Amino acid sequence: DAGITQSPRHKVTETGTPVTLRCHQTENHRYMYWYRQDPGHGLRLIHYSYGVKDTDKGEVSDGYSVSRSKTEDFLLTLESATSSQTSVYFCAIAGTGGGTEAFFGQGTRLTVV
Amino acid sequence: GENVEQHPSTLSVQEGDSAVIKCTYSDSASNYFPWYKQELGKGPQLIIDIRSNVGEKKDQRIAVTLNKTAKHFSLHITETQPEDSAVYFCAASPHNYGQNFVFGPGTRLSVLP
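Top to bottom, those sequences are chains U and L.
Note that the numbering used here has the first sequence beginning at 22, numbered continuously upward.
Note that the numbering used here has the second sequence beginning at 3, numbered continuously upward.
Simulated from the structure, these hints should not be mistaken for laboratory data.
Hints are not guaranteed to be accurate.
As the list claims (entries may be wrong) - Listed next, the in silico SDA-like pairs over lysine to any residue satisfying Cα-Cα at most 20 Å (straight line):
| hint | chain 1 | residue 1 | chain 2 | residue 2 |
| --- | --- | --- | --- | --- |
| 1 | L | K44 | U | D59 |
| 2 | U | K32 | L | V56 |
| 3 | L | K39 | L | T71 |
| 4 | L | K59 | U | E122 |
| 5 | L | K44 | U | L66 |
| 6 | L | K44 | U | R51 |
| 7 | L | K44 | U | S28 |
Unchecked claim - Okay, the calculated bits of chain U under chain L, using three or more residues with CB under 8 Å as the criterion:
| hint | segment |
| --- | --- |
| 8 | 57-65 |
| 9 | 125-131 |
Claimed, not checked - Which chain U residues face chain L? A few, computed with CB under 10 Å, are given here:
| hint | residue |
| --- | --- |
| 10 | G37 |
| 11 | P39 |
| 12 | Y54 |
| 13 | Y69 |
| 14 | D83 |
| 15 | F111 |
| 16 | C112 |
| 17 | A113 |
Owing to the predicted nature of the structure, the values given are computational and were not obtained by experimental measurement.
For every residue, glycine included, the Cβ atom is placed at its ideal position computed from N, Cα and C.
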């Protein structure tokens, strides 16, 4: 696997609580992404980053925020978790330039009860 | 924005037979098309990719073809083995700033011994 670590790997939280997921890379890749995976929907982009402090929204960004203060870390925050945010979350990284490969972490299974 | 469709959603083949998964995309600016394999409980793993200046690429038992005019690309797996059983995702990525990947909904391949 590429040098990507997601933490935690599993989390159960209550509705209305804040949750932060962490993605850490050791590859010095410029691009970092957060996807969520749900049955029947494949992988949907939540937010992505193209550099330190440079982030942008994906197609399902409502209810999520991100931060990237260092090249190696990309944080995904659910400000007030809802049951619809129960999902498997994947972080991915990619290098510079167009057409370079993206590598995925092992995922974080989040359950909101 | 880009939209990627993928067919079939499930595919069962006998060991030793071939498997074909097809994807179509909508954005003519897309020029990079990776394929990912996801095993249960793991993150997606890149298995092969193709760029728009190439019509076909092969890596041992796996091949990918691209028809830019028709905006479709396909994954071909020959001499299937039980370990090929997994969910396969196609994706499309435009050659522009941000390098976002849009994924198809996935195909669950079962190779029957």
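Next on the checklist: Going through the numbered hints above, which ones does this structure break? Give me the numbers in ascending order.
Outcome noted: Failing hints, ascending: 2, 3, 6, 10, 11, 14.
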